[in-house]
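Q: First to last, the sequence lines map onto chains A and B. Numbering of the first sequence is given in our numbering, commencing with residue 1 and proceeding in unit increments. Numbering of the second sequence is given in our numbering, commencing with residue 1 and proceeding in unit increments.
Quick caveat, the hints were computed from the structure, so don't treat them as lab data. Because the structure is a prediction, the values reported are computed rather than measured. Mixed in with the good hints there might be a few duds.
Simulated pairs of lysine-lysine, DSSO-like, Cα-Cα distance not exceeding 30 Å [unchecked claim]:
#1 B:LYS35 - A:LYS16
#2 A:LYS152 - B:LYS13
#3 B:LYS41 - A:LYS67
#4 B:LYS215 - B:LYS140
#5 A:LYS55 - A:LYS158
#6 A:LYS55 - B:LYS215
This is what each chain is made of:
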Amino acid sequence: MLVYLQRMDDPQDKAKLEQFYQLYRGYMLQIANSILHNKQDAEDAVHEAFLSIAKNIKKFSDPSCPKTRSCIVIIVERKALDIYRKRKKYAEEAWTEATVFNRSESREDILTDCINRLPDRDREAILLRYSHGYRINEIAKILGISYAAAAKLVERAKEKLDQLCREEGLL
Amino acid sequence: MISDDDLRRASQKWEEARLGQFPEPEACGFETTPKFERKMKKLIERTDHPTKYWLKKGLACFMLFFLLGGGLLSLNSEARAAFFGWTRKILGTVFEYRYTGEDASAPKNIVYLPSWIPDGFEIYRESYHEGAVMIAYLTKDGHLASFIYNVNGTGTVVQLVSESCEVHQVFVGEYPADLYLDNVEGENNALVWTDEERNVLFTINAPLSEKELIKMGESVMDVAYSTVHYLPSWIPDGFETVDEFYPPNGAKIYYENDAGQFIAFSYSMNNKGTNIQLTGDNVEIQRVQVGEYPADLYLDQDEDENNALVWEDENRKAFFQILGPGSGDELIKIAESIVDVAS
Chain A
1 MLVYLQRMDD PQDKAKLEQF YQLYRGYMLQ IANSILHNKQ DAEDAVHEAF LSIAKNIKKF
61 SDPSCPKTRS CIVIIVERKA LDIYRKRKKY AEEAWTEATV FNRSESREDI LTDCINRLPD
121 RDREAILLRY SHGYRINEIA KILGISYAAA AKLVERAKEK LDQLCREEGL L
Chain B
1 MISDDDLRRA SQKWEEARLG QFPEPEACGF ETTPKFERKM KKLIERTDHP TKYWLKKGLA
61 CFMLFFLLGG GLLSLNSEAR AAFFGWTRKI LGTVFEYRYT GEDASAPKNI VYLPSWIPDG
121 FEIYRESYHE GAVMIAYLTK DGHLASFIYN VNGTGTVVQL VSESCEVHQV FVGEYPADLY
181 LDNVEGENNA LVWTDEERNV LFTINAPLSE KELIKMGESV MDVAYSTVHY LPSWIPDGFE
241 TVDEFYPPNG AKIYYENDAG QFIAFSYSMN NKGTNIQLTG DNVEIQRVQV GEYPADLYLD
301 QDEDENNALV WEDENRKAFF QILGPGSGDE LIKIAESIVD VAS
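Construct the complete structure from the given sequences, taking the supplied hints into account.
A: Take a look at the structure:
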């Protein structure tokens, strides 16, 4: 027997979650399946991802905007990689597909390439913090980790990025 | 140093490139299993978080998981029993308690807690929210129990979910109660009753027998807690409060600045001292003074790591802890700025 406690508030949030589900169900399953190559595991990852989305539903504005979509990708990839890691106990980097990025020699492109070369976990932290502008407490809630762990994750990700930037002569 | 603006532009550019690799969401078809659809429907309808889920996920941040709701009203349901304003509805495998009467105020500076818990159970997580309190207990071998109460009319719903259970009518003291004995081995039983005097619905969910559940229920007593919080009146420039929790007899506040640095301030009056976890390999401990009280200052030799200050204030009968990136002097300055704030 399980006990659930919920607050009766904001039916708009529920409607928004339904919208997310209708729009992103197939999208998220495809992404999860591309990592896990197993339908059942992909469904589990998407379910976990929706739990995280539901918890943070107020943080998302328009369900169809690119920023929201990008955040959805981060969450579902994270959940899929967590499942993958538990199942295989291999380095997660082995399975993430590289993002194709055509780099020029502009400073911005070099920096973008450095972000591309970060391990997945660190890149997620950088994206949530800088592209999405989330604060540490929000990142902690989205990734389902403690405040201190999120703070440390962002800090270490930034250090790794700085190191890559130094190697590229940006610093 | 890479500027935040540069980082924002570059990370947005990376995300654009990443999204370009995926088809449009509308174009994604994916056949799902009926089991998945059922799970997702449940999630959307209830958007809930069972106590078991906390254990499985090991969530570090414990809060009441108040999310969405209201969807269950639209389902076909049958009101089966009503008492003292709390109505129980049976929705398939879900037993839902919902209050439909005049609102009651959450008691000020009092919480209701069981004074007896079975051997081996220790408090694992606590959550105090106006109108609803949840305490999770855990044994060393991973058995989880929870004690919950909801004040009448403060907008909360309790649901018990069981694939197969027997429901019996029992008494907790003078109050009639619903006892749920789960037929599935290893699953928790539950006890639910309303307390007319206290205007609350109590729920216990635990791997306990009928006798033990009732004993725990009958041990519930009023516990008074302080009406005053002890909070810093000075925090370094640039830091803002981003999260705060006020359990009885304590507080925990997180401050953060734009650079992502954080300060965690907390105190506890539970007479159990305080734990501190520093991850640095090379920490120097100094004995310092915070006002008239001796304190331990933990200085991480890696300047990028947080330092910590821990002390006991005998006058306030509280253990304090500050974790943050500042120097020892700054941490002491925060500590010495603490003032009494009436809640």
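Q: If you test the structure against every hint from before, which numbers come out violated?
A: 6
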